[in-house]
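Residue numbers (my numbering), protein chains in the order written: chain A, 582 to 778; chain B, 582 to 778.
Please keep in mind that the hints were generated in silico from the structure rather than gathered at the bench.
Among these hints, one or two may not hold up.
One copy or two, it doesn't matter: identical chains are merged, so the pair holds either way.
To be verified - Subject to a maximum C-alpha distance of 30 Å in a straight line, what follows is the list of computed DSS-like cross-link-like pairs (lysine-lysine):
hint : residue 1 : residue 2
1    : Lys658    : Lys683
2    : Lys683    : Lys708
3    : Lys776    : Lys683
4    : Lys708    : Lys616
5    : Lys616    : Lys683
6    : Lys708    : Lys617
7    : Lys776    : Lys598
8    : Lys617    : Lys598
9    : Lys616    : Lys598
10   : Lys708    : Lys658
Number of protein chains: 2
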Amino acid sequence: MSKGTEDLDNLIALMAKLPGLGPRSAQRAVLHLIKKRSLLLIPLAEAMHRVGSTARDCLNCGNICTQDICDICQSEKRRNGQVCIVEDVADLWAMERSQVFKGRYHVLGGTLSALDAVGPDELRIPKLLDRIVSEEITEVILALGATIDGQTTAHYIADQLPGVTVTSLAQGVPVGGELDYLDDGTITAALNARKAL
Amino acid sequence: MSKGTEDLDNLIALMAKLPGLGPRSAQRAVLHLIKKRSLLLIPLAEAMHRVGSTARDCLNCGNICTQDICDICQSEKRRNGQVCIVEDVADLWAMERSQVFKGRYHVLGGTLSALDAVGPDELRIPKLLDRIVSEEITEVILALGATIDGQTTAHYIADQLPGVTVTSLAQGVPVGGELDYLDDGTITAALNARKAL
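Start from the sequences, fold in the hints, and give me the full structure.
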């Protein structure tokens, strides 16, 4: 479109860069925003501005927060001595949704990757080794993806931690999953790890 | 989540209200925004703020713009005397995407509806009647939805405009559409309006 709608076009173009939105759905979202100007557009602009100026990585675990140290690291209700290692913050949030893990987290910020030249120092691995000592951690739970890079990273970390119990999430059939839709690797893993009823 | 992530939770909750995003995809979008803070989050907050303060309805046709009168109404390249009537701005944008209509628009802002108590004065129909005279409009193209309310509105408008050529968009098989997937009404309309090759 032309000059007078520059602001609108710019907003649509930016919205279209969000994951899950394309050019058409961005247009629809922008029209919705304009219709709900005071209820949605203005509060959203302000919330983004605030998050843009306050959000940062927790200095201890790498979670996203608005202080130096995140709530989970500060909480007195969470179990000490147990740390769950995840690849990124999305994985941490996924773990938190299940509300079953009560220990602490450590966000690596990626996985080791020979192809992409990501070594231990590019990740938060040195900080992890510090925390193992300073927080007297006795159990490390590896919640890394079942990809080659994820598993390489898991083995590398396990090698660095003699004297610490290292476990990883179980592999198997997803709850509610149908066998018919599962890939061979998952079925093999589930069969090998079968349990007595 | 808890106090320290209030800003984040608030942003996620607002994003989840956008059409096309749910709670999970809003989380993903927010993480993406934080990763691309200077490239996406800050510009998006500013673009929203700007649109929030400048966007308004064109006083003439009802299109969304940032001036009193929109570009399409102001343009000297567009044909005078021909006006396309649409239900809302999304429909106007859809027409503009096809780049085939070169006249002016008029956005009704809805359709007549007995159930929802929407009468002619709730829509931009009086303004349309003014424009017919002041802009010497000779052809009105009705691009309203093929719903009962849309067709009622079309007939009402046609009745108000003696001496003006009133047409409506053709109904038929969508380009690229397969007969198998079409509803009976569309097939009936397409058959009744069949053309000699």
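Of the numbered hints stated previously, which ones are contradicted by the structure, given in increasing order? Hint 7 is the one this structure does not satisfy, whereas the remaining hints hold.
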